[in-house]
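**Student:** Sequences listed follow chains X and G, in order.
In this text, residue positions in the first sequence follow this note's numbering: the first is 1, and each later residue adds one.
In this text, residue positions in the second sequence follow this note's numbering: the first is 1, and each later residue adds one.
Hints should not be assumed to be uniformly reliable.
So the derived list for chain X, only partly shown, Cβ under 10 Å to chain G, looks like this [stated by the list, open to error]:
{"#": "1", "residue": "Gln18"}
{"#": "2", "residue": "Arg20"}
{"#": "3", "residue": "Asp21"}
{"#": "4", "residue": "His359"}
{"#": "5", "residue": "Asp362"}
{"#": "6", "residue": "Glu369"}
{"#": "7", "residue": "His385"}
{"#": "8", "residue": "Gln416"}
{"#": "9", "residue": "Phe420"}
Calculated directly from the structure, the hints in this document are not laboratory data.
Predicted, not measured: the structure shown is a model, and the values here were computed from it.
All C-beta atoms in this analysis are idealised placements derived from N, C-alpha and C, irrespective of residue type, glycine included.
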Amino acid sequence: MTLDVARIRKDFPILDRQVRDGQPLVYLDSANTSQKPRQVIERMDDFYERHNANIHRASHQLGEEATAAYEGARIKAAGFIGARDETEVVFTKNISEGINLVAYAMGNATAGQSGGSGSGRFRLGPGDEIVITEMEHHSNIVPWQLLCERTGATLRWFGVTDGGELNLSQAGDLISERTKLVALAHQSNVLGTINPVREIADRAHAAGALVLVDAAQSVPHMPVDVQELGADFLGFTSHKMCGPTGIGVLWGRRELLEEMPPFLGGGEMIESVWMDHSTFAPPPHKFEAGTMPIAEAAGLDAAIDYLTDIGLDAVRAHERELIAYALDALGTVPGLRIMGPTDPAARGAAISFTLGDVHPHDVSQVLDEHGVAVRAGHHCAWPLHRRYGIQASTRASFYLYNTTSEVDALVDGIGQAQRFFGGA
Amino acid sequence: MRLESLYQEVILDHYRHPQHKGLREPYDAEVHHVNPLCGDEVTLRVTLKGAAGEPVVADVSYDALGCSISQASASVMSELIIGKTVPEAMSLAEEFLRLMQSKGQLEPDEEVLGDGVAFAGVAKYPARIKCALLGWMAWKDATAQALEEQK
Numbered sequence: 001m002t003l004d005v006a007r008i009r010k011d012f013p014i015l016d017r018q019v020r021d022g023q024p025l026v027y028l029d030s031a032n033t034s035q036k037p038r039q040v041i042e043r044m045d046d047f048y049e050r051h052n053a054n055i056h057r058a059s060h061q062l063g064e065e066a067t068a069a070y071e072g073a074r075i076k077a078a079g080f081i082g083a084r085d086e087t088e089v090v091f092t093k094n095i096s097e098g099i100n101l102v103a104y105a106m107g108n109a110t111a112g113q114s115g116g117s118g119s120g121r122f123r124l125g126p127g128d129e130i131v132i133t134e135m136e137h138h139s140n141i142v143p144w145q146l147l148c149e150r151t152g153a154t155l156r157w158f159g160v161t162d163g164g165e166l167n168l169s170q171a172g173d174l175i176s177e178r179t180k181l182v183a184l185a186h187q188s189n190v191l192g193t194i195n196p197v198r199e200i201a202d203r204a205h206a207a208g209a210l211v212l213v214d215a216a217q218s219v220p221h222m223p224v225d226v227q228e229l230g231a232d233f234l235g236f237t238s239h240k241m242c243g244p245t246g247i248g249v250l251w252g253r254r255e256l257l258e259e260m261p262p263f264l265g266g267g268e269m270i271e272s273v274w275m276d277h278s279t280f281a282p283p284p285h286k287f288e289a290g291t292m293p294i295a296e297a298a299g300l301d302a303a304i305d306y307l308t309d310i311g312l313d314a315v316r317a318h319e320r321e322l323i324a325y326a327l328d329a330l331g332t333v334p335g336l337r338i339m340g341p342t343d344p345a346a347r348g349a350a351i352s353f354t355l356g357d358v359h360p361h362d363v364s365q366v367l368d369e370h371g372v373a374v375r376a377g378h379h380c381a382w383p384l385h386r387r388y389g390i391q392a393s394t395r396a397s398f399y400l401y402n403t404t405s406e407v408d409a410l411v412d413g414i415g416q417a418q419r420f421f422g423g424a
Numbered sequence: 001m002r003l004e005s006l007y008q009e010v011i012l013d014h015y016r017h018p019q020h021k022g023l024r025e026p027y028d029a030e031v032h033h034v035n036p037l038c039g040d041e042v043t044l045r046v047t048l049k050g051a052a053g054e055p056v057v058a059d060v061s062y063d064a065l066g067c068s069i070s071q072a073s074a075s076v077m078s079e080l081i082i083g084k085t086v087p088e089a090m091s092l093a094e095e096f097l098r099l100m101q102s103k104g105q106l107e108p109d110e111e112v113l114g115d116g117v118a119f120a121g122v123a124k125y126p127a128r129i130k131c132a133l134l135g136w137m138a139w140k141d142a143t144a145q146a147l148e149e150q151k
């Protein structure tokens, strides 16, 4: 299952680009957003050039074609993650919106709205708890903070160990009959840690809680099956998996989506509208108000085709080799400290590090000068950085199109940064 | 090479040997500013001396965590404005802001901005402009608070 990386790279036109006065681009920022293959770009062009119309409400051939493209993407996404069927797949703007959808549905249930019968399990109040982890992205922190403020529920946190793993010894204390929901990342966007979602989900379910998985960093890089994970909700975003920006997926168990009150109100999400009340479409359309990102859905469909043709197992195997190579190579740099697990089997392809006194912004600036694109900062995981007593880190993240020689370019660039800021 | 035009020797000098760094007593106002993009932060104190209705920047002291650009900028700023009247210092802040927003098209006046001219290269890197402005924004905020107190 070795990837033909040279062939894959030919699919990504942007990888031929030169940056900063003639340096070949070394793109190591895929955890931020991935590059897009020709196949995705062409599918979107084809949609706009040949099939563009609004969906569901246009009674003409183009409308039928556009609807087929949009709903076809939903079927594709459902199969991709092992959903029971496509009615469990809600399209959102991105994963932040997907998480907010669940949080606001819970808030709306608390305020007395219903999505159907028995939305009681979504109601929150003082004494109820939502459990998240210290390694979450802000998008899986802030919606829950806001929800707790609105409802009086309490937000509780799994800590992380010095080695960058969840402190599972806290599980017995954290997950109890008071827990309404456990929300956690499948894979940390900073540490790379792959979390034992199944183990935590089983505990949560035994306590009667729901489980939401932020799979933004895992779905693009490895086979993910919502049934195997034991999730109740799982979100991911297209732009990190070779697809376009502007569309993401929130998968939820059908019976939960049915019970949940809507999040955004508007066109297409209704069954019937009266002056004094409205009734709502069944899921997933109940959660898709207004004109949706249609061409983006076609692009996501193409991205799933692209990744499926290559095989997520092969992508993961390739990245594991890159991670092992990168961990070794970075390990030789004096003063460089890697955050997160050092075992390639326990982590994904995002590697964050600090470099002694040289600030990550300065490291990334020197790397950029050499054509190497990385991310510097807190990576939208401020609590995690505080946990490790650091302000910021530099993150190199890899994908199916990266090579070991690009890792070498990274290590070279880091050496240049150390020489440039040496003695600082 | 472009890196040298961004990180001019003056900037690296101030980064390695920051001037006026360390929080000092007494002070009239203290603020804490962060750059939400990268987490850089500065705590900055201002002491004003009112001389015949024209307040003077008697002292600026700060503690900062951040990249070379933000550290050096706070250092250069302190050197420039300590001893100036508040209106003079405010006009320097405006001049520096204009330089940062110039996209690299403005030829800065060394007579006015002193070591601040070294930051001209920063204006070509949109992601770094906030780094260079962090200390200045904190100073403007602290000074506004100090003036408010005096009323």
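**Student:** Would you mind marking each hint as holding or not holding in the structure?
**Tutor:** How the hints compare with the structure:
For the restraint placing Gln18 (chain X) at the interface with chain G, the shortest Cβ-Cβ distance is roughly 14 Å, beyond the 10 Å limit, so the hint is violated. Given hint, Arg20 (chain X) at the interface with chain G, holds; its Cβ is 7 Å from that chain's nearest Cβ, closer than 10 Å. A cut of 10 Å between beta carbons decides the hint on Asp21 (chain X): the least distance to chain G is about 7 Å, and the hint holds. Below 10 Å, beta-carbon pairs count as interface contacts, and His359 (chain X) has one with chain G at about 4 Å; its hint therefore holds.
For Asp362 (chain X), the shortest C-beta to C-beta distance to chain G is roughly 5 Å, which falls under 10 Å, so the interface hint holds. With a least beta-carbon distance of about 5 Å to chain G, the hint placing Glu369 (chain X) at the interface is held under the 10 Å criterion. Taking 10 Å as the C-beta contact cut-off toward chain G, the hint placing His385 (chain X) at the interface holds, the least distance being around 7 Å. Interface restraint check: Gln416 (chain X) against chain G, minimum CB-CB distance 9 Å, threshold 10 Å, status holds.
A least Cβ separation of about 7 Å between Phe420 (chain X) and chain G falls short of the 10 Å threshold, and the interface hint therefore holds.
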